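Put together the whole structure using the sequences plus the hints.
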Amino acid sequence: METLRRSMLFMPGNSPRMLQDAAILGADSIILDLEDAVSLTEKDSARILVREAIKTIDYSAVEVIVRVNPLDTEFGAPDIDVIARVQPHTLLIPKANEDEIRLVDKILTKIEAEEGFPSGGIKIIALIETALGLENVFNVIKASPRTVGVLLGGEDLTADLGIERTKEGEEIFYARNKVATVCRALKVDAIDTPFTDTNDHEGLNKDTARGKGLGLTGKAAINPRQIETIHSVFAPTQNELKRALRILEAMEEAEKEGQGVFSLDGKMIDAPVINRAKRIVDQGVRLGLISGEGGAK
Amino acid sequence: MKITKVAKAGTLESNDILIMVSPKDRGIIELDIESIVMQQFGEVIEQVILHKVQEMGVEGVSIKAQDRGALDYTIAARVETALNRAI
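Protein sequences, first through last, are from chains A and B. Per the working numbering, the first sequence starts with residue 1, numbered consecutively. Per the working numbering, the second sequence starts with residue 1001, numbered consecutively.
One thing to keep in mind: the hints can contain errors.
[Unchecked claim] Within a straight-line C-alpha distance of at most 27 Å, the following computed DSSO-like cross-link-like pairs (lysine-lysine) qualify:
| # | chain 1 | residue 1 | chain 2 | residue 2 |
| --- | --- | --- | --- | --- |
| 1 | B | K1064 | A | K43 |
| 2 | A | K43 | B | K1005 |
| 3 | A | K43 | B | K1008 |
| 4 | A | K278 | A | K178 |
| 5 | A | K43 | B | K1002 |
| 6 | A | K43 | A | K55 |
| 7 | A | K278 | A | K242 |
| 8 | B | K1052 | A | K43 |
| 9 | A | K212 | A | K242 |
| 10 | A | K55 | B | K1064 |
By construction, these hints were calculated from the structure, which means they are not laboratory data. Keep in mind it's a predicted model, so treat the numbers as computed, not measured.
Shown next, in the form of C-alpha cells:
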C-alpha cells in the first residue's frame, strides 16, 4: 500500500524534546529538519542528534523524512552521508534542481551498497522553492526514480520571484497548479506549502482546501495543532464516500450486463469518474472510514 | 583521539544535556555529572558517557555534564558532538 502523506510536520533537528514527541503527534510524515531550523553553529550537533534519534526512537507509525542542507553548502554532503546510513524513509532536498537530485541519487546508491541496504530504498522528496526549480519540476522529478513527491516551498519561492507572500496565496496560484499537474502526471505526491499563522485555524482550513482544490495531495505543517485541520480537509466527506461506493456498485452491475458506459442519477458515468470513485474509496479504506469490502462503517 | 581544547555541546533545556569537555593527560578520564534525576539514573548517564568516550578512543578527557532529563540517545549525541569539537 502506498504511503499516506496528507500531513508532513516539520520538527527542528536540534531539539531532543521535539524529536522524542514527533512520532506521537498524529502527522502522517515528520520532517526532521537539519536546514532552516538549525543555526549554522549547531549543524554538526543536529546531524548527530537526528542520527541517534532515528536509531533509537520508535518512528514505525510515521514516515521519517530528513531535510538535509543543500549540497552546495559545506553541510549537505556530510548530512546525507551520516543520515542515509541509519536508513530514514525519505530525504527532503531543499532548493531542488535536476542536477542535485541526480547527484543525491548517486550518493544514496553508493551508501546503500556500502551498508547492504536495498538499492533505491531511501526515497526523495524534492523541495521546489526556486523559479528555476518550479519551471523544471517535471525533469526534477524524473531525475531519480526515488522521487516520491514534491513539496512546494512558498516562502522561498516568492522571495526568489521578488513578490510578497500573502495569507490569501494568490501569488502562488500558478506554482500550486504547476506542481499539482506535474505530480499528477508523474504519479507522485504533491505537498502544499505550510500555512505560517499557527493561530489562524480558519485561515489554515481555507488555505488547505484551496490547495486540495487545485490537485495537491497533502500539506506541510509547522505546528502539531495544524494536523487535525489538514487531515479533516484531505479526508473524503461521507457524501463523497457514499457516492463513490454507489458508482462502483453501479459499475459492477453494468459490467455484469456488458455495458461499457452507464448512467447513475441521470448522469453518464465513464472511466474518469470511475477512477475518481476508486481513489476516494481507496482513501476511505486507508483512513478507516469504510471497511475493506467497501461497506460504510 | 586526542582532546586539544575545551568544547561544549547541548543545552540546558528540558530533555537535553549540556556537555563540556576539556583536555586531560593520557589515561585520565574525569567525570562530573549533575542531573535532575541523579538518584534514579546517575549510573546510567555515567555508563552512556563512558561508553561513547571509549568508542571514540579518547586518550584523556575531563567531562562536565549538566543533565536536564536527557534520554540515552541525546546524551550519546551530545558527548560525541562535544568530543568532535574538542579535537
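Now the hints, each set against the structure:
no., hint, in the structure
1, K1064/B - K43/A, "holds, 22 Å"
2, K43/A - K1005/B, "holds, 20 Å"
3, K43/A - K1008/B, "holds, 14 Å"
4, K278/A - K178/A, "holds, 24 Å"
5, K43/A - K1002/B, "holds, 23 Å"
6, K43/A - K55/A, "holds, 19 Å"
7, K278/A - K242/A, "holds, 12 Å"
8, K1052/B - K43/A, "holds, 20 Å"
9, K212/A - K242/A, "holds, 20 Å"
10, K55/A - K1064/B, "holds, 25 Å"
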